[in-house]
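Listed here are the chains, written in short residue letters.
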Amino acid sequence: MNLFTLFLSAMLINNIILSKFLGMCPFMGVSTRTSNAFGMGIAVIFVIFGASLLSYALYYLVLVPLELEYMELITFILLIAAFVQLTDMIIKKHSPTLYKQLGIYLPLITTNCAVLYVAMDNITQKYNLIETIVNSIAVPAGFMLMLVIFATIRERLQGNDVPKAFAGNPIAFIIAAIMAIAFTSLSGLV
Amino acid sequence: MNALLGAAIAFALVGLNAWLYTANKKTPVPEGCEELKPDCSACGIRDCALRSALTERKEENNGDN
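These protein sequence lines map, in sequence, to chains A and B.
Be aware that the first sequence starts at 129, since it is given in this note's numbering, and climbs by one per residue.
Be aware that the second sequence starts at 2, since it is given in this note's numbering, and climbs by one per residue.
Think of the hints as simulated: they come from the structure by calculation, not from any bench.
Don't take each hint at face value.
27 Å max Cα-Cα, derived BS3-like pairs, lysine-lysine [unchecked claim]:
| hint | chain 1 | residue 1 | chain 2 | residue 2 |
| --- | --- | --- | --- | --- |
| 1 | B | Lys27 | A | Lys228 |
| 2 | B | Lys26 | A | Lys228 |
| 3 | A | Lys254 | A | Lys148 |
| 4 | B | Lys26 | A | Lys220 |
| 5 | B | Lys26 | A | Lys221 |
| 6 | A | Lys220 | B | Lys27 |
| 7 | A | Lys221 | B | Lys27 |
Some chain A residues close to chain B (C-beta under 7 Å, calculated; not the full set) [said to hold, decoys possible]:
| hint | residue |
| --- | --- |
| 8 | Leu194 |
| 9 | Glu195 |
| 10 | Leu196 |
| 11 | Met199 |
| 12 | Leu206 |
| 13 | Ala209 |
| 14 | Ala210 |
| 15 | Gln213 |
| 16 | Leu214 |
| 17 | Asp216 |
| 18 | Met217 |
| 19 | Lys220 |
| 20 | Lys221 |
| 21 | Pro224 |
| 22 | Tyr227 |
| 23 | Lys228 |
From the three backbone atoms N, C-alpha and C, an ideal C-beta is built for every residue, glycine too.
Turn these sequences into a full structure, and let the hints guide you.
Written out as structure tokens, the structure reads:
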């Protein structure tokens, strides 16, 4: 597959939130303010990229030679959790400024199923290393894009007179549905 | 033999996680970051480590009112 097509497809057309419905927790939980959404988005890009490359290496360098492919799920979960802990610790120790920006979002990412999805997807789609790198950047970039767009809309909604029955999460779900419909139309691009 | 290797890999990863978790807990939080709290009230994951902080903050706010 052409790398540009893969990037566009992973980021916009097969968007992890709007077409796969993964990572819905941060999508709903951390989208009340644009600044929060941006911080979370950056943290997700970093963790998904790092965790995907580590999982890829673990699968092809350890599990495949030992014929332990059936262990990919359990090993990837543990690897992602360890990677998040390690990242949190390094940022805490060496970069207080970065910790202020991303620190509170890192523990949330451990429970983000999008991270596991990307790691597993790279294996099931049989991507090579370059395709894995492109996919591991494009998917979280799409996640961040949707999160920031959604947060911007929710921020603007706060000043509006929403009917009581729709206030809060109900109107947020309606917006998410409209966004999903809008992004479906991009499927003609590829 | 392969099953044993698989179990060893799983145990190694669990051990790595446990070690990193305790090391992370022991690492001091940078100055000025002690009171960082997430704004994630809409999230439904009840066993998240951040949820207790959020619940405490809500209780504090209720107590003040």
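> Regarding the pair Lys254 of chain A and Lys148 of chain A, is the alpha-carbon distance no greater than 27 Å?
Replying inline: Holds, at about 19 Å.
> Do the alpha carbons of Lys221 of chain A and Lys27 of chain B lie within 27 Å of each other, as the hint requires?
Replying inline: OK: Lys221 of chain A and Lys27 of chain B at ~11 Å, within 27 Å.
>> The hint names Glu195 of chain A as touching chain B; please verify it with the least Cβ-Cβ distance against 7 Å.
In response: With a closest approach of 6 Å, the Glu195 of chain A hint holds.
> Does Asp216 of chain A meet its interface restraint, that is, does its C-beta lie within less than 7 Å of any C-beta in chain B?
Replying inline: Holds. Min distance 6 Å.
> Per the CB criterion, is Tyr227 of chain A less than 7 Å away from chain B?
Replying inline: OK, holds: Tyr227 of chain A within 7 Å of chain B, min 5 Å.
> Hint check: is the beta carbon of Ala209 of chain A less than 7 Å from a beta carbon of chain B?
Replying inline: holds, 5 Å
> Is the interface hint for Leu196 of chain A satisfied, with its Cβ closer than 7 Å to some Cβ of chain B?
Replying inline: Given a least distance of 5 Å, the restraint on Leu196 of chain A holds.
> Between Lys26 of chain B and Lys221 of chain A, is the straight-line Cα distance small enough, at 27 Å or below?
Replying inline: holds, 12 Å
>> Checking one constraint from the list: CA of Lys27 of chain B to CA of Lys228 of chain A, max 27 Å. Satisfied?
In response: Answer holds: Lys27 of chain B to Lys228 of chain A is near 18 Å, not above 27 Å.
> Taking 27 Å as the top limit, are the C-alpha atoms of Lys26 of chain B and Lys228 of chain A close enough?
Replying inline: holds, 17 Å
> For the pair supplied as a hint, Lys220 of chain A and Lys27 of chain B, is the alpha-carbon distance within the 27 Å limit?
Replying inline: Judged against 27 Å, a Cα distance of about 11 Å means the pair holds.
> Should the hint that Leu194 of chain A touches chain B count as held when the rule is a Cβ pair under 7 Å?
Replying inline: At about 5 Å, which falls below the 7 Å cut-off, the nearest Cβ of chain B leaves the hint on Leu194 of chain A intact, so it holds.
Consistency note: the structure conflicts with none of the earlier hints.
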